[in-house]
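Chains as they are written, first to last, in numbering that gives the first Met the number 0: chain V, 0 to 307; chain R, 0 to 307.
These are computed hints drawn from the structure, not numbers from a lab. Using N, Cα and C, we set each Cβ at its ideal position, and we do this for glycine too. Do not take every clue at face value.
Said to hold, decoys possible - Computed far set for chain V versus chain R, every beta-carbon distance over 12 Å: (1) R111; (2) F204; (3) P256.
Stated by the list, open to error - Restraint ranges, calculated between C-beta atoms of paired labels, are given here: (4) R:D23 x V:V297: 40 to 48 Å; (5) V:K225 x R:S193: 28 to 36 Å; (6) R:F144 x V:K46: 27 to 35 Å; (7) V:N154 x R:Y79: 23 to 31 Å.
Said to hold, decoys possible - Short, incomplete list of chain R residues facing chain V, as computed with Cβ under 10 Å: (8) A202; (9) A203; (10) F239; (11) L247; (12) Y266; (13) A280; (14) F292.
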Amino acid sequence: MIPVLFFVILVTFILMHMAPGGPWDREGRQLSPAVINNLNIKYGLDKPLWQQFWLYLWGAVHFDFGDSLQSPGQHVSTLLLESWPYTLTLGAVTFVLLVPIGIGLGVIAALRQNSWADYGALGLATVAASTPNFVVGIILIIVFSLELNKITGGNFYLPTGGLPQPYNPFQIQLIMPVITLGALPTAYIARLTRSSTLETLRQDFVRTAWAKGLRPRLVVIRHVLKNSLIPVVTALGPTFAFLVTGSFIVETVFAIPGIGRSFVTSISSRDYTMILGTTLLYAGMIALMNLIVDVLYVFIDPRVRLNS
Amino acid sequence: MATAIGVANQVDWDVPEQTGLWQDAWIRFRRNRLAVAGLAVVIILIVIAFGARLPATPGGLWKILHITGDPFSQNVVDTYAHPSLQHPLGTDILGRDQMSRIFYGASISLAIGIIVQFLVLVIGGSIGMAAGYYGGRVDNLLMRFTDIMYAFPDLLLVLVFVAAFGPSFWSIFIAIGITSWVGLARLVRGQVLSIKEKEYVEAAIMTGSSPIKLILKHLVPNSLGPVIVTLTFGIPSAIFTEAALSFLGIGIRPPEPSWGVMIEDGYSGIFADPLQVLFPAIAVALTMLSFTFIGDGLRDALDPRMRR
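Using the sequences provided together with the hints, build the complete structure.
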């Protein structure tokens with residue numbers, strides 16, 4: 000985990016400083032060279048690059064991620080903590096809905112292989128998996144905000160943007176972003192569950208379970224599900240990380256003031272410390288999720304323990 | 000020996016009509032109706048894309064044939080026009096003909112999607128092959144590097160990269176290339192490792208085949224199927240990345256009409272005219288879906304083991 004984070008910082012740092020322009024560029028009238036010089040000194044940008052890198056690393060190890068270059072006097076960590084609740088709420092609600100829906104669809108499709116339910120679930124999953132999320136979001140807005148507004152004469156429609164209350168999972172503003180964000184990972188989980196369940200259904204121990212006259216519910220729950228969900232759990236870790244991090248587009252479409260949006264802004268404004276801080280947060284989340292999955296694995300799959 | 004083979008050749012073996020690997024695959028591919036439909040859509044798109052670019056005048060062949068207008072010429076009195084004979088898909092906020100812009104955008108999306116795969120093949124293929132072929136320390140080093148790239152959130156790296164090299168076709172192209180090879184590298188490595196153990200490779204080594212010949216004659220043909228499938232699935236995700244970047248405003252720059260740019264333009268005017276965002280959105284989704292279907296078809300056709 001540590002080497003990964005180190006390389007993430009290194010790569011981002013190099014790319015960032017290769018980018019033309021700097022944090023002090025302004026549209027129209029430029030800052031005077033003296034001011035830029037002072038700013039550079041204040042934020043340590045006058046030092047040689049390797050020294051800046053070293054200082055950043057040193058700070059990061061002590062959980063000091065520096066001040067934002069574009070919001071003077073604000074710590075990067077403060078700013079991230081401000082936008083984090085929005086992103087987290089959106090991601091967590093999506094995740095909580097995604098897991099039962101994705102797994103449910105997958106299991107049903109597998110148990111009723113080649114039935115209309117299977118084809119329906121699979122077709123839905125294929126379409127969802129190859130429709131870009133901004134397209135999903137835009138179509139939802141057109142249908143449920145614009146058209147619904149017209150049809151009901153302005154009495155009922157889904158609001159298009161913002162997230163007035165962070166940490167509140169029950170708000171109408173969450174409906175469309177959650178569907179937009181969740182469509183793809185749900186489809187992915189459903190497909191994965193289906194193929195893994197199909198594989199388990201063909202195993203000898205499942206045949207034995209049927210042969211000894213076990214009730215269908217018990218066969219499915221105790222023998223099939225327990226085994227076929229192992230690869231799904233592996234995928235859920237990165238999925239969660241994807242949800243709480245990979246929402247640049249959804250946050251842009253629905254004007255949610257989360258981390259993804261602030262990241263895109265900080266890239267275009269060359270806010271070096273914000274870029275590094277956000278990247279680090281993302282990479283850390285992903286690494287953490289993978290670690291949790293690895294640990295969980297030992298509990299759900301005894302074979303892993305035996306091997307090591 | 001020579002005569003024995005000669006005699007054997009003269010024997011009239013009673014075998015069914017022989018079909019080669021590719022012929023066989025084509026027969027299986029044709030059976031998948033969705034895949035054939037996807038292929039048809041893609042061929043039409045390729046024709047459209049070439050027509051939009053080939054006589055290098057604005058609007059290309061389609062303008063000359065009076066099918067579309069000019070993707071760049073603005074007309075401030077005819078903005079947000081509804082679909083008509085003159086503008087089959089209407090006009091956008093600057094009065095530009097939408098259909099010609101969609102046609103032009105097809106060339107950008109297809110170029111990014113398809114050509115990037117060559118870059119992915121070169122990077123991923125050589126890294127995977129080197130790791131699998133040499134094994135040991137080389138393998139270890141390359142795979143750790145791959146792991147780090149894997150831990151890096153894709154869109155994040157692409158964002159930072161594009162920011163660093165400025166938004167242009169080629170920087171998006173390279174950014175997608177250097178972030179998408181990980182899956183392929185792992186696949187090729189796995190293939191090489193398993194093929195290396197096969198008897199016919201052992202036989203080839205024993206009869207003194209040079210490493211180059213070994214790679215070209217045995218490793219490449221035998222891992223070609225899954226590689227082609229992986230690359231095909233890479234196309235829709237590259238198309239998505241370009242559209243997403245352009246939508247976020249850090250991809251292809253206006254006035255160049257990439258689909259992502261058009262979606263961004265149309266989205267900002269969604270309340271004025273929802274159609275102008277809907278058409279490019281559908282174009283992206285349809286293209287991605289077609290490539291996904293082709294990928295599914297190819298997987299079934301080329302790799303019987305991977306068949307569902």
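Broken hints, by number: Result: hints 8 and 9 break, sorted rising.
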